[in-house]
Amino acid sequence: MLALVAAFGYGVSDFVGGVASRRVAALRVVIVSYPFSLLLVLLIAPFVSGSISLEPILWGLASGVAGGVAVWWFYVALASGPMSVVSPLTAVLVAGIPVVAGFALGERPGVLAFAGIALALIAVVLVSKESPDKAAGEVAGGRELKFTRTVAWLTVGSGVTFAVAFICLHQIGDGSGLWPLAASRASATAVVWCVALASGHFSAPHGSVLKLCAFVGTLDVVANAALLYAYQGGLLSLVSVIASLYPAATVMLAMVMLGERVSRLQQAGMVLALGAVGLIALA
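Letter by letter, the sequence shown follows residues 1 to 283 of this note's numbering.
Honestly, the hints are just simulated from the structure, not real lab data.
Just so you know, not all the hints are guaranteed correct.
[Unchecked claim] Computed beta-carbon distance windows for the label pairs: (1) GLY275 - LEU197: 43 to 49 Å; (2) PHE114 - SER208: 42 to 48 Å; (3) ALA281 - ALA204: 39 to 45 Å; (4) ARG108 - LEU258: 40 to 46 Å; (5) ALA152 - HIS201: 33 to 39 Å; (6) GLY200 - PHE103: 41 to 47 Å.
From the three backbone atoms N, C-alpha and C, an ideal C-beta is built for every residue, glycine too.
Make the full structure from the sequences, and use the hints.
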């Protein structure tokens, strides 16, 4: 259940962040949303049971660094390459690598869980798949976006580092409350601030976009806290693959709120996602 909450939180966060990124550069969104999420965690953490210890804090810091780098590389890949390739490839890496890591750690889900994992991996690819259209050309300023070697490395790098962030959260364990999450948000903030300063995008948005950034930060806390606690009571392979279904929520909101057309592949992916969750829940 908590993994589904995490998936929903990530999906809604991506939708809201995407809306904000249509008005300002995406990096300007995260330089506000990340520190805002850190502030929220620091306000809540003292009221949540748990003690501060070195190892969980280090895993939290590692998770934040990986997540911050992943966001940076993902946005650069989207700006330079075709979203119809970058998005699903990143998504399947985010979903698949923790599954492989879980198996390497000795996790052996049952037959139904294996079937659910397989369905979820297919669903992630289908839901994340977007067909090239005229809008893509407009966003790119009329340029033809190609999946070059550089874009490929950025895409794979973002998928791997997102997956590493998941694995590090799993390694935190229980007993530390939300303090490792605070460490994670602090290190992620440091990464995106350094990137923003180096690229000349260190400028906070204003007005309605600033409110959207705060909303993204709140959703970030909800999603990451849910995932942290889901890992404490579940397998890395199963929790990660459910959490990685977040694109389904993003696509659904885009369809309902913005009137965007959803392709048949994406519709099939959402159906498969429901089936995957059902199988994993039964297992």
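Structure-inconsistent hints, enumerated in ascending order: As far as the earlier hints go, only 5 is violated by this structure.
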